[in-house]
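**Student:** This is what each chain is made of:
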Amino acid sequence: MNIRHLSRRGFLNMGAAAGAGLILPKTGLIRPARAQTALPPVAEADAKISFAYVGPTADEGWTWAHDQGRQAVEAAFPELTTTYVENLPYSADASRILRRMVGEGANMVFVNSNYGDFLYDVADRAPDVAFYECDGRTTLPNMGTYYVQHWYPSYIAGVAAGLMSETGKLGYVASFPVPSVYSGTNAFLMGARTVKPDATLQAIVINSWFDPQAAAQAGTALIDNGADVLFGIMDEAAYLQVAEARGVKAVMWNTDIRRYGPEAYISSIVVDFGAWYVEQVRRRLAGEWTPTEDILPLGQGVDRDAWGQSVPTEVAAQADAVREQMLGGWTPFVGEMKDNTGTIRVPAGHTMTERELYEWNWSIEGVTGVDG
Amino acid sequence: MDIIAGLIQTAFLAGGVLALAALGEVLAERVGVVNLGVEGLMALGAVTGIAVVVATTTPWLGFLAALAVGLAVGMVFAFATVIIRANQVLSGLALTLIGTGMAATVGKAYSGTPAPAIFRPLDIPILSDLPFFGRAFFQHNILVYVIFLIVPLFLHWLMFRTRHGLNMRAVGENPAAADAAGLNVMAYRFWYTAIGAAMAAGSGAYLTLAFVPSWSEGVVAGRGWIAVALVIFAGFRPINAAGAALLFGFVTALGFVGQARNWPIAAPILSMLPYLGTIALIILPVIAWQRMRRMMAAPAALSTPYFRDTR
Numbered sequence: 004m005n006i007r008h009l010s011r012r013g014f015l016n017m018g019a020a021a022g023a024g025l026i027l028p029k030t031g032l033i034r035p036a037r038a039q040t041a042l043p044p045v046a047e048a049d050a051k052i053s054f055a056y057v058g059p060t061a062d063e064g065w066t067w068a069h070d071q072g073r074q075a076v077e078a079a080f081p082e083l084t085t086t087y088v089e090n091l092p093y094s095a096d097a098s099r100i101l102r103r104m105v106g107e108g109a110n111m112v113f114v115n116s117n118y119g120d121f122l123y124d125v126a127d128r129a130p131d132v133a134f135y136e137c138d139g140r141t142t143l144p145n146m147g148t149y150y151v152q153h154w155y156p157s158y159i160a161g162v163a164a165g166l167m168s169e170t171g172k173l174g175y176v177a178s179f180p181v182p183s184v185y186s187g188t189n190a191f192l193m194g195a196r197t198v199k200p201d202a203t204l205q206a207i208v209i210n211s212w213f214d215p216q217a218a219a220q221a222g223t224a225l226i227d228n229g230a231d232v233l234f235g236i237m238d239e240a241a242y243l244q245v246a247e248a249r250g251v252k253a254v255m256w257n258t259d260i261r262r263y264g265p266e267a268y269i270s271s272i273v274v275d276f277g278a279w280y281v282e283q284v285r286r287r288l289a290g291e292w293t294p295t296e297d298i299l300p301l302g303q304g305v306d307r308d309a310w311g312q313s314v315p316t317e318v319a320a321q322a323d324a325v326r327e328q329m330l331g332g333w334t335p336f337v338g339e340m341k342d343n344t345g346t347i348r349v350p351a352g353h354t355m356t357e358r359e360l361y362e363w364n365w366s367i368e369g370v371t372g373v374d375g
Numbered sequence: 008m009d010i011i012a013g014l015i016q017t018a019f020l021a022g023g024v025l026a027l028a029a030l031g032e033v034l035a036e037r038v039g040v041v042n043l044g045v046e047g048l049m050a051l052g053a054v055t056g057i058a059v060v061v062a063t064t065t066p067w068l069g070f071l072a073a074l075a076v077g078l079a080v081g082m083v084f085a086f087a088t089v090i091i092r093a094n095q096v097l098s099g100l101a102l103t104l105i106g107t108g109m110a111a112t113v114g115k116a117y118s119g120t121p122a123p124a125i126f127r128p129l130d131i132p133i134l135s136d137l138p139f140f141g142r143a144f145f146q147h148n149i150l151v152y153v154i155f156l157i158v159p160l161f162l163h164w165l166m167f168r169t170r171h172g173l174n175m176r177a178v179g180e181n182p183a184a185a186d187a188a189g190l191n192v193m194a195y196r197f198w199y200t201a202i203g204a205a206m207a208a209g210s211g212a213y214l215t216l217a218f219v220p221s222w223s224e225g226v227v228a229g230r231g232w233i234a235v236a237l238v239i240f241a242g243f244r245p246i247n248a249a250g251a252a253l254l255f256g257f258v259t260a261l262g263f264v265g266q267a268r269n270w271p272i273a274a275p276i277l278s279m280l281p282y283l284g285t286i287a288l289i290i291l292p293v294i295a296w297q298r299m300r301r302m303m304a305a306p307a308a309l310s311t312p313y314f315r316d317t318r
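Protein chains in written order, with this note's numbering: chain A, 4 to 375; chain B, 8 to 318.
Note that these hints are calculated values from the structure, not bench results. The structure presented is a predicted model; accordingly, all values stated were derived computationally and were not measured. Beta carbons are placed, not taken as given, at the ideal position from N, Cα and C, and that holds for glycine. Among the clues, some could well be false.
[Stated by the list, open to error] Partial list, computed: chain A residues near chain B (C-beta under 10 Å): (1) Ala230; (2) Thr258; (3) Met355.
Bound conformation, chain B alone (with noise of 0.2 Å):
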């Protein structure tokens, strides 16, 4: 029971990095931007976490500084992608490539250090004595909780239950029949790519502040690659993207779990059980239901500049 209990707990605390980055992908994609600067991002985010801490010792800010980071650097490649209608996978590249050089550079001077203050579990009376759900689901950091349920729960009910969550599809889908309805592409586009950069920022001070407290360059260690796939895994869907992220969690420490326990399967097979994991849920829905396909299709004009003048 103890392992199982400490498999849910480590699903979530690890699934947090992935979860907040592919809730924020989900944001840019759904009004039809492709971000492949996450990688970058989180890394720009991991340092400015950690170098707030270090300088205020109060992780709230630290956390706080990163989303205003990302939504800065989410801005320029906003006004680059949305704007001046650069190719997205080429600056979403380029993004990557700046913020992790940018963030070995900046944490230079505090890789070696590790966060004076962190995001610590909390000790909810009576749920968090528990035995097994205590240590499963109330022991987590305060950050968990808000990932995992207020950010998803939120943007579900903001992108499926409210006339601003239709337009902001419908700019995602068909950006010229929404430009004829009155919309303004352009600032749904350009905010909500912004938006989801500084969740991805974020995420990476998540992972420096709440789960593994301390920088060093190449922490993120291509967790940013994997919120993009899931956010693909999840059919564009917030609540989906967040459990896609705790089921990813979940298989890898799963996986840990089992060489821990000497199953009988070979290492690098368990290694690869995420991954496999991934593609078999993606795929056999699809093919075992042909409604799935349009369920979980990509919004119609992702990745695709919006041109007025050529609809």
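So here's chain A without its partners, still in its complex pose (with noise of 0.2 Å):
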């Protein structure tokens, strides 16, 4: 079976071959959670699909292109009915919410995420409800995870990024020090050098997913003390105007967003969840659902957006050259690796599997400010 040439049901479907522990590279490592029974169909029109999300619809961010999947849903079965919560608050009072929808009859519930023991409590005493969570960490006998591989195209952005940089000094925007903020730091600085080998990166941890002004007050600092482009997981702008009025670049995520600062935006980490969510919801209609976890990989579900207007056309020829390899199956988190205190983490030879890439907890030499 060649893993390259999968429809998209088999790809969902070859859980077996991951689960004996074949891990192959770049297949979204796809694989039943726990062996059991699928939970039982569900007509149509009597179907009722609830989304949680941690911010506003309106945040033109991650939200935002969560619920551009919810319609996707919408209109792939015009009969059901789909519910949203916005602002999922991190508290016990996630719990009372999600506990709220279960007893207004939702039979699927996506949360976005990372909303960990305050979802796997209701989970748990809702065994006939299909659950999700996005970013997740443990999975239950009717709780999935999903995400995305952006470790992909940040790496492709940090080929063009180091390309665009005349001090080799990349600035990082991050709101925790989570595995997406490592891989994203460390994807994005590997690809810098391999056009500027003596590339660092510096990071600014802001504790929010969403804060304008602190996003806005680190872009700053981050250009004050020399970076000349400036990455990020922020679900807005902020960063890419102060880019923009301080005449440097910025890589962005989420969504196309460079009516903000045309000039300054080289590419975003554009995710799409639309075709995942409508497959997800289909499998629960027709009774074929088990848990899986899913990480979306490059082109099917997270991609780079088209270039922005000032990046040359050999600077996008060159990063897409490294994104029609890694199409191709090539991967370039290849040992030896060393951490940033030197240490050797990933031997010479080994290939990280999408399960190490997507639980990153270290950074690599030259990333700094992460782990504070």
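If you follow the hints, you should be able to join the two separate chains into one complex; please do so.
**Tutor:** So this is what it looks like as structure tokens:
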């Protein structure tokens, strides 16, 4: 079976192979979380699919992207109903709200992101409801996880950033020291170092996914420190606006937001969960659903955005050549790799698995500021 | 040097949001009304500013419209707390909830649109081009000068150098005595609460028209609460309030610069700095110097509705 020519169905159903320990790079690491029977089918007209969002749907970022996915579900299954809650807090209130979704008859609940125990408690007590936690770390008999392999487009954007940076100093506006940030900073710098070997990356942790004021100040501090390309993992555009005003470049996340800084915009790590959401809802309705752990691969849910207007064509071509290689199955995440204290973390010859990339929790040489 | 100039510049820019809201809160609290609705008012002002600028592309109109909306909402709040004498804390919290909710609803149409026109940094001949001082002090947008120079000095003069200001403070300290002296306690409280609310909304417009030039739900991110706290820190004095906001902006910016330059201090400690600093600066002078306790004290009748028949 050639994994590069799998249909989405086949791709999602190849869980058994992955579960047997065969972890293939670039396949999306799909496996059933627990061996168990599927939840019973639901008639489309009776189905209720609920979404819980970390931010407002109007954030032009992460939550907006997920809400596009919800709308894709509505378009694909016009008879079912969808509901959503915005700004789900990280507190016991989250459990209360999720429990209410269950009480209102939801058949399937998508939660993003990272609600952890607030969610597990609810999922445990509602065994006939299917749950998905975005960027989750645990699975249950009725709960799977999903995320995107954003480290590949981050690497591609890093190549472009390295070519466009003059100082070789990259800045990163980080939310929290979580795996997404480690993999983002590491991949970005690795990409940049292929074209500018002495490049370094400095991160500032602002303790929020959404705080335009703090992100703007962090961006200013990074630029004052010499950074001339900014990257980050914010759900809004504040540091892009700072970059535009100060005449430096920026790489963004989630969606195309180049209108906030057309000159500064290099690209964005764009996510599209629509097709995946539709497939999961289809499985649930058809009575085929068992929990999965999905990390959507490059080109199938996550990608770089169209290059910004100030990106020279030869830069775009060079970065896109890397992208083509990645789509062909090549991965840059190969040992030997050292962390920023000089310890060898990935031995020579070892290729980091998608699981290891997903759980990356150390900074490579040249990345500072994430560990605090 | 560039780093320090950048620090001071960011301190003014970020502190401006807090300063204007805190100055408004000083007015309200000096006449005895606690307004906990600052967060909501800022959200309303922020969305009004962006909405008007999208329609007219004139930042001043956006700012004035935010002041007008703040004044109108502030009058409703003052009606509830001063005339009807509802509980000020509850009314303020309600105002925050209504304000942020309304702003989110109205703002749906404007999120994702960068402000088409903003308050641009001024280019002052000679001064703006000075090394260090140019970037630190003379490349700000016009509102920064209004917020940090004109408004605090004017309010200080008004409150401590005029008869009107003395009356105003009397209303906040002892409304019964002020009433007996023939002052219209209700009018003082009503109007200064409303004007304070207008200034809070104005700080929201400053946020979306000068600092982060776009609207998105949650853009205020709790700064309204900080502004309320700064008023206590500032001892209910306008010049101190502007200074406190500047200091807060400076220490916040310092935390980011510390991270950018890899100071050997844990990032969470650096993020805590503004708050630790505020607590230390409130407590230490009072411990060290007894007289400060009286000088920094809140107006005696703060948060107490005034009933003429119970005096």
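**Student:** Please go over all the hints and tell whether each is borne out by the structure.
**Tutor:** Results of checking the hints against the structure:
no. : hint   : in the structure
1   : Ala230 : holds, 8 Å
2   : Thr258 : holds, 9 Å
3   : Met355 : violated, 26 Å
Comparing the model with each numbered hint stated earlier shows that hint 3 is the single one that does not hold.
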